[in-house]
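Student: Sequence:
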Amino acid sequence: MTSTISEAALALGHLVELSIIGKATIILVIGLTIVMLFRRARASVRHLLLAATLAAVLALPLIVWAAPEVTIGFPTSQSSEATDLGPAAPSVALTTPTGAGLPSRATESAPWSFPSWMTIFRTVWLAGAFWLLALLAVDLRRLYRTRREGLLWMESRELMQRLAGECGVRHKVEVLLHESIPGPLTCGIWRPAILLPDEASEWNDADLRRAIVHELEHVRRGDWAIQLAARATCIFYWLHPLVWLAFRRLSLEAERAADDAVVESAEHTEYAEQLVSLAGRLAKAQAQSALGMANRSDLSARVSALLDGSQRRGRAGWRPTAIALSVASLVVLAIAPVRAVTQSRKQTVAAAQAPNSQQTAASAQTPGSQSAKPGERVASGLDRALIRAAAAGDLAGIEELLRAGANVNCIVSPSEIGSPLIGAARGGRLDAVRLLLDWGANPNLEADATPLINAAEGGHVDVVSLLLDRGANIDHIDPECQNALIRASEKGRLEVVKLLVARGADVNAQAWYPRTRTIVVKNAKGETMIYTLDIERVKKDKIREIVKEIVKKDGTREIVDDVTKKGEWRTPLSMAKRGGHEDVVDFLLASGARE
3 MTSTISEAAL
13 ALGHLVELSI
23 IGKATIILVI
33 GLTIVMLFRR
43 ARASVRHLLL
53 AATLAAVLAL
63 PLIVWAAPEV
73 TIGFPTSQSS
83 EATDLGPAAP
93 SVALTTPTGA
103 GLPSRATESA
113 PWSFPSWMTI
123 FRTVWLAGAF
133 WLLALLAVDL
143 RRLYRTRREG
153 LLWMESRELM
163 QRLAGECGVR
173 HKVEVLLHES
183 IPGPLTCGIW
193 RPAILLPDEA
203 SEWNDADLRR
213 AIVHELEHVR
223 RGDWAIQLAA
233 RATCIFYWLH
243 PLVWLAFRRL
253 SLEAERAADD
263 AVVESAEHTE
273 YAEQLVSLAG
283 RLAKAQAQSA
293 LGMANRSDLS
303 ARVSALLDGS
313 QRRGRAGWRP
323 TAIALSVASL
333 VVLAIAPVRA
343 VTQSRKQTVA
353 AAQAPNSQQT
363 AASAQTPGSQ
373 SAKPGERVAS
383 GLDRALIRAA
393 AAGDLAGIEE
403 LLRAGANVNC
413 IVSPSEIGSP
423 LIGAARGGRL
433 DAVRLLLDWG
443 ANPNLEADAT
453 PLINAAEGGH
463 VDVVSLLLDR
473 GANIDHIDPE
483 CQNALIRASE
493 KGRLEVVKLL
503 VARGADVNAQ
513 AWYPRTRTIV
523 VKNAKGETMI
533 YTLDIERVKK
543 DKIREIVKEI
553 VKKDGTREIV
563 DDVTKKGEWR
573 TPLSMAKRGG
583 HEDVVDFLLA
593 SGARE
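Residues in the sequence shown are numbered from 3 upward in steps of one, following our numbering.
Each hint should be verified, as a subset may be incorrect.
Cβ-Cβ distance ranges computed for the label pairs, FRET-style [stated by the list, open to error]: (1) Asp588 / Trp67: 21 to 31 angstroms; (2) Leu335 / Asp440: 21 to 31 angstroms; (3) Arg164 / Ile191: 20 to 30 angstroms; (4) Arg405 / Asp508: 35 to 45 angstroms; (5) Val140 / Leu247: 18 to 28 angstroms; (6) Gly24 / Ser182: 41 to 51 angstroms; (7) Glu266 / Ser306: 13 to 23 angstroms; (8) Arg405 / Gly167: 54 to 64 angstroms; (9) Gln163 / Ile32: 15 to 25 angstroms; (10) Glu266 / Glu157: 19 to 29 angstroms; (11) Gly167 / Ala227: 17 to 27 angstroms; (12) Asp310 / Ala131: 35 to 45 angstroms.
Think about it this way: if two alpha-carbon atoms lie no more than 20 angstroms apart in a straight line, the pair counts; the simulated EDC-like pairs of lysine to aspartate or glutamate are [unchecked claim]: (13) Lys500 / Glu597; (14) Lys579 / Asp508; (15) Lys524 / Glu551; (16) Lys579 / Glu597; (17) Lys500 / Asp471; (18) Lys500 / Asp464; (19) Lys527 / Glu551; (20) Lys500 / Asp477; (21) Lys579 / Glu497; (22) Lys174 / Glu157; (23) Lys500 / Glu584; (24) Lys174 / Glu160; (25) Lys500 / Asp588; (26) Lys500 / Asp585.
Keep in mind the hints are simulated off the structure, nothing from the lab. Heads up, the beta-carbon is just placed ideally off N, CA and C, and yes, glycines get one too.
Make a model of the complete structure from these sequences and hints.
Tutor: So this is what it looks like as structure tokens:
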């Protein structure tokens, strides 16, 4: 049982959307449970509790975003431990040269993959929310037009002023007649109005008085504004059944609280008969866009409450209001910042935050390592954990490490992925790429090529598109990897090539690939190590020193291969031909590529 709870908590804490839904469920369960326990209390008190619950749920996403995060560690199985974010031991292998017969640095993958379940969930959620928002806009537009076309009922002005004073309403409230209104309803916040059907002018004084008192109570309580806020909550959480349950109950309690204000000075049975006669003429569509006096679906509960002599009635008062708002605030503030993580991850973050001088020194001595560019800093232990989390697509780990102080633009040796964004782009981790960009990752940060070049080489169309949307330089030329189009053409990534050309990439781009010396050695442990040296940038004597240092550092047993390549100009077309990708060659020629 404990393990099940831990797994559920970790699943909810992994993604922000699931975390919000889980926390909203807790708040709703607490609120609805309290309302059930207070079923003999005043309707106004139950309405207040439901309004406070829905307000807390509506404010939850903002508090989750703004409040400092509090993590709770849960023990996990060994299979879960395997995905820990601890810093990796520095790797010393550099880029594998073409044709060396060793695995390439980019994993082959299909150019398109089926969207993840989380992407589908977000799409469905947003589509439903926009649809419900559009329906609400239509309802409000219809109500606005009805109010504008309504006829001001001057004869009711004296009665309205007297009843408003008795009900404690200080706003000026208009009474309008409209032929399409089947029953009394209230609308407006700053300029409230009561809309009545045309035949209201023929009602007797008692029926008219009860109808107006009911609607004035809605105005005094601010029910129309509360109803709109509740509708907004339902739109945001439209997939959550408890939200709709709370909204339905809120609407019922609002009507019952207004009914209680009427029966304080009217006969219960006569008012119940009036409700029955009016409910049959009320249209559901208009009841959804405003607060009406009679809703047919809630009629039975309202009439039963009116005829129940033991039911407590009256207004909530300031003390229950203060208590309800305080409790709702405390609950949401206590729940919102909490997130469940694995116990090992908490330990990893704590360990990574501590100085790791030995690891830093080791990485600084690695051949081929590069120092941080201006404005950047070399990766620390915390940063290396971030790079590994990004490469694995661990969204929760990425966010946790960034909040703990990891540098989103840290860079390390090219043989160690380079940067968080490069690692995520190379692996096709679309959600991780988006998260890192949202945190300020530089899409043009160059460390073992740019993120765009790595994504293009791996054939990750969606990642390439996102990086271009966020400002990646499409024609950037890297001294070793050329540019995105050249690398995609070399690897036969037809869909990426099409996308890059459509986004303006130069099909005749040229990149000079320098003369290089590639040394493949086996160290004392039998591990194969690869070093690529740019001959055009390093003097001969310096190359000899570097080779000696390689042999000395790795305890080399033997040099497997030592190849020097001449420099050459590379183009998308030449590299596609070299790789034997006829479909890419045909597309490039059709797009204007020249021999």
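Student: Work down the list of hints and note, for each, if the structure agrees.
Tutor: To see whether the hints hold, each was checked on the structure:
{"no.": "1", "hint": "Asp588 / Trp67: 21 to 31 angstroms", "in the structure": "49 angstroms, violated"}
{"no.": "2", "hint": "Leu335 / Asp440: 21 to 31 angstroms", "in the structure": "25 angstroms, holds"}
{"no.": "3", "hint": "Arg164 / Ile191: 20 to 30 angstroms", "in the structure": "24 angstroms, holds"}
{"no.": "4", "hint": "Arg405 / Asp508: 35 to 45 angstroms", "in the structure": "40 angstroms, holds"}
{"no.": "5", "hint": "Val140 / Leu247: 18 to 28 angstroms", "in the structure": "24 angstroms, holds"}
{"no.": "6", "hint": "Gly24 / Ser182: 41 to 51 angstroms", "in the structure": "44 angstroms, holds"}
{"no.": "7", "hint": "Glu266 / Ser306: 13 to 23 angstroms", "in the structure": "18 angstroms, holds"}
{"no.": "8", "hint": "Arg405 / Gly167: 54 to 64 angstroms", "in the structure": "56 angstroms, holds"}
{"no.": "9", "hint": "Gln163 / Ile32: 15 to 25 angstroms", "in the structure": "43 angstroms, violated"}
{"no.": "10", "hint": "Glu266 / Glu157: 19 to 29 angstroms", "in the structure": "25 angstroms, holds"}
{"no.": "11", "hint": "Gly167 / Ala227: 17 to 27 angstroms", "in the structure": "22 angstroms, holds"}
{"no.": "12", "hint": "Asp310 / Ala131: 35 to 45 angstroms", "in the structure": "39 angstroms, holds"}
{"no.": "13", "hint": "Lys500 / Glu597", "in the structure": "19 angstroms, holds"}
{"no.": "14", "hint": "Lys579 / Asp508", "in the structure": "17 angstroms, holds"}
{"no.": "15", "hint": "Lys524 / Glu551", "in the structure": "14 angstroms, holds"}
{"no.": "16", "hint": "Lys579 / Glu597", "in the structure": "10 angstroms, holds"}
{"no.": "17", "hint": "Lys500 / Asp471", "in the structure": "16 angstroms, holds"}
{"no.": "18", "hint": "Lys500 / Asp464", "in the structure": "13 angstroms, holds"}
{"no.": "19", "hint": "Lys527 / Glu551", "in the structure": "17 angstroms, holds"}
{"no.": "20", "hint": "Lys500 / Asp477", "in the structure": "15 angstroms, holds"}
{"no.": "21", "hint": "Lys579 / Glu497", "in the structure": "17 angstroms, holds"}
{"no.": "22", "hint": "Lys174 / Glu157", "in the structure": "16 angstroms, holds"}
{"no.": "23", "hint": "Lys500 / Glu584", "in the structure": "14 angstroms, holds"}
{"no.": "24", "hint": "Lys174 / Glu160", "in the structure": "12 angstroms, holds"}
{"no.": "25", "hint": "Lys500 / Asp588", "in the structure": "11 angstroms, holds"}
{"no.": "26", "hint": "Lys500 / Asp585", "in the structure": "11 angstroms, holds"}
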